[in-house]
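Given the coordinates of chain F, assemble chains A and C onto it according to the supplied hints.
Protein chains in written order, with our numbering: chain F, 996 to 1317; chain A, 67 to 447; chain C, 382 to 647.
Simulated from the structure, these hints should not be mistaken for laboratory data. Be a bit skeptical, because a hint or two may be false.
[To be verified] With a Cα cut of at most 25 Å, we get these calculated DSS-like pairs of lysine-lysine:
| id | chain 1 | residue 1 | chain 2 | residue 2 |
| --- | --- | --- | --- | --- |
| 1 | A | K409 | A | K327 |
| 2 | C | K397 | F | K1128 |
| 3 | F | K1128 | F | K1092 |
| 4 | F | K1275 | C | K642 |
| 5 | F | K1197 | C | K636 |
| 6 | A | K125 | C | K605 |
| 7 | F | K1145 | C | K636 |
| 8 | A | K282 | A | K203 |
| 9 | C | K397 | A | K76 |
| 10 | A | K282 | A | K297 |
[What the hints assert, rightly or not] Which bits of chain C does chain A cover? Going by a derived footprint, with three or more residues having C-beta under 8 Å, they are:
| id | segment |
| --- | --- |
| 11 | 562-571 |
| 12 | 575-583 |
Source: prediction; values computed, not measured. Beta carbons: idealized from backbone N, C-alpha and C, even for Gly.
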Amino acid sequence: MKKSIYLVLLADPEFEDKNLNLIHFAQINFENEDLNAVVVAPSDQGIEEKYGETGLNEIDILAYSQFSKINLAQTASVLSDYFVSQAHSLILFANDKGTTSIATRLGAALKENVITQANQLTMTTTGLQAQKKVQAGTMLQQTVLTAAAKAVITCDVTGINDRITTNTTATITVKTAGELVVADDVTYADLPVKANDLENAKIVVAGGRGMQGPAGFELLQKLADQLHGALGASRVAVNNGWVDESTMVGQTGKVVAPDLYIAVGISGALQHTVGMDQSKCIIAINTDPTAPIFKLADYGIIGDGETVVKRLLSELSTPVPS
Amino acid sequence: MALQYTDEQKDFLKMVTEFADETLTPSVVKACDEAGSCPEELFKPAFDMGLHMLEIPEKFGGAGLSYETTAMIFEKLASYDPGYAITLVSTFVALRSVMIAGTDEQVQHFADIIAPGKFAAFALSEPDAGTDAGSVKATATREGDYYILNGDKTFITNGSLADVFVGIFRTTDDGNKGLSAFIVEKSRGGITAGKHEDKMGLRLSNTTDVAFDHVKVPAANRIGDEGHGLKVALNSLNLSRAFVATLAVGIMQRALDESVKYARLRQQFNRPIIKFEAVQEMLADMATQTEAARLMVNNTMKMMDAGSLVRKEGAMTKLFVTDAVQKATSDAVQIFGGYGVSKDYPVEKLMRDCKVFQIFEGTNQIQRVTIANELNHEYRD
Amino acid sequence: MDILVLIKGVIVPTQKPAFDEKGQLTAETSTAILNPYDKNAIEAALQLVDDHNGDVTVASYGVATTTEPALRAGLALGATKAVAIDSPLVATDKDNDSAIGVVLAEAARKLGQFDLILTGSQALDMPQGYVGALVANSLNLPYFDNVNALATVDDELVYTTLWEKGTITGKVQEPAVISVTDSINKPRLPSFKTKMMAKRAELEQLTIDSITVIDQSAWDDLNKQAPTSRLAPLPVQKKKSVVYQLADDEAAVTKLITTLKAQSIL
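With the rest of the complex left out, here is chain F:
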């Protein structure tokens, strides 16, 4: 059955990467549906260029100069006023903290179902099935909404590529926002960039004997920075004084379990692997194909660490959003 699906796109640099991810996510999940969007922005300037050719059907722009990403209550109120009089079935948001905060407020104001962090949406004959990870990511929850049910859904769009090819041009309408509630009385501050936070890093780039010296670790640090990750090291590298002791991973160092562990020039002695073998994904880069690290690895490259890291750096030269 036809649904009337709205994507909420917040025109703030903090969210813009994810806006495109969200559009693509919706296109993947709702191949046969028309996708509409409501863009909330300080002005209608540049919206058409950004979203006009992205495969959306209709775009409504709610433009008012007070718009700011940090006015959570005000933005939710503007959206609530809009959706009260706009027929809709699903309202989709990307899954940033800020967008999720607005989505839950909107859901509460509309008294509709809210599903956060959905990673898959499927139209079925009876309605919609939303899937998300639950129980600290160890299980899936599949929620079935009836055909008539409305829902505000935040979508886990990380990893959804923003390659969108389409020929359609959206119909764009600029709407004036109704009477605004008082803007939130808040201030925003950027988070300081953290020093090497090995234990909490989602990505760890670690090196061992194969890096051959401090210069090798400078390369690894660059790769870690580019991936918004932290630098790790084996005991050999620390003992040789190539890198600070605080980076040591293993029996006598730190125990880490990042989403991604890149082990470069590390053979994989037990001393080291007890500190990283719980990582979700392990990439091993080593010249020795018989190195034990390959037994743990999901992916591997047999080759010189320095060469491979330099290539990774050049291929990844556009920073990956954290």
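Quick look at chains A and C alone, frame taken from chain F:
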């Protein structure tokens, strides 16, 4: 684990595990072990949880746990570090003298002192009175409503940490019958702790000499009657032997955990060493001995909860468990091979920590004497 | 300052999970515990009360087998009162987060005047992070979420919300609803003494049999639209190494990056 824990005991074990995982991380324990001391603030979270008040009845402000449950909690704690555990257990040794022979007012007074997070110490041993507790020389001289305490005590666990002592002092020259027990608050003045022992193991625990110099305590601080001091001390020690043993079970369990984990991971000749029979034998013996030790402790604790003074059983438990822990820890080092003697690996410390268990709270030699004397007594008539 | 902390008994697996015909964890393979995120909310409440005097009440909606462990854990941490909430108005065969949020709001109103209503940012078993918004909206109170710091500055409560790349700071206009992150504080461990007391404590019971905080029609709509949900195990992905040879394959690095991106690892 052989024991059938109640839901309540499971809850408590979870609490202490959570606490120890956070407080006694391998790096913290290693740093303290190297330094040979433990910063007092490391005990703050233990005091916040009331780990030093477990045995004290609720009406005096404690948690009112049984000996059995308390022992389970301390076994778990000792598996992280027995020196840390014994620092808290030593408070109980002092406390038990008061609980066995003291008045309600004395128990309340003692509990009030330690409740906010203070240590207590039991001061019996002297340079010439170790195993032979009856030869205590430190004196308590009556002066009106007060006693004046003088003398030197040695190997006192918590010696420089304690805010309150239970000390055994000589009130008359009448040999074993001339000793009396006293609650001695640090605040009375005249108490000085000597040099902190640089020990082989249990390096997180504080062991010093303590000198009492004209310490004036009210007669109301005397525990039980004059002349009953040795009995108070020995009864308290009887109840404490199985507690020493429970810490040793914690060390055994740690030795077993580390050994099995390592033997499963360590590869030689292309297979994990746990597949080799020689290693299997050591592990099987270690596991069996640990179970037996734990059961023995548990049974003695149950007897204590039922009111027994466990003269024989306390000695047997201490003897068996603290002998068994020597082999378990030594085998753990053996299984780790060359890494076993490295301070970067966890098992050499277990070996160092466990040795003193054969010596303190009555040497294992004197335990055998006690057991034999009790047997002789049992079979008389 | 009197604070109500809304807590949840979350159902977590205790062993390899098994699912019943409704797609829920079987009783044999699961247990109810206090939602770890709610411990942060209780800790935040206790710290505020330490500074300003007052009482911390914990309240939880659900069947006794899930609310009781959560409420007793709340008492063991230091809450002064615990309330178990139930309601015949909520269908038990649906996934009714929204209805529960409204019932909690109703309960909060019935339980008295609170300066703050706190809750954890999400539930461990079913992370949604929706309850706080619903309670605030139903009670017409300001709502602050993802709060990572609460501090009293010049007699006013100042909150800081944590986002991916920045923080938002503002003043809390009491009464308000606040959901806190799990990094706002380090929850204290219960003491053995309070744990023993919590085991014996009386739990208050509150049954919600009418809804006044929102319109009847909105309430009916909410219930009519309630979804159903099932749990399922994560599809097993067998670990099989994919190894590229740099010497034979010039494009090894490119291939690796493409694969990683396709798998959403990068």
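Cross-check of the supplied hints:
| no. | hint | verdict |
| --- | --- | --- |
| 1 | A:K409 with A:K327 | 18 Å, holds |
| 2 | C:K397 with F:K1128 | 17 Å, holds |
| 3 | F:K1128 with F:K1092 | 17 Å, holds |
| 4 | F:K1275 with C:K642 | 15 Å, holds |
| 5 | F:K1197 with C:K636 | 22 Å, holds |
| 6 | A:K125 with C:K605 | 54 Å, violated |
| 7 | F:K1145 with C:K636 | 42 Å, violated |
| 8 | A:K282 with A:K203 | 17 Å, holds |
| 9 | C:K397 with A:K76 | 20 Å, holds |
| 10 | A:K282 with A:K297 | 23 Å, holds |
| 11 | 562-571 | holds (count 3) |
| 12 | 575-583 | holds (count 3) |
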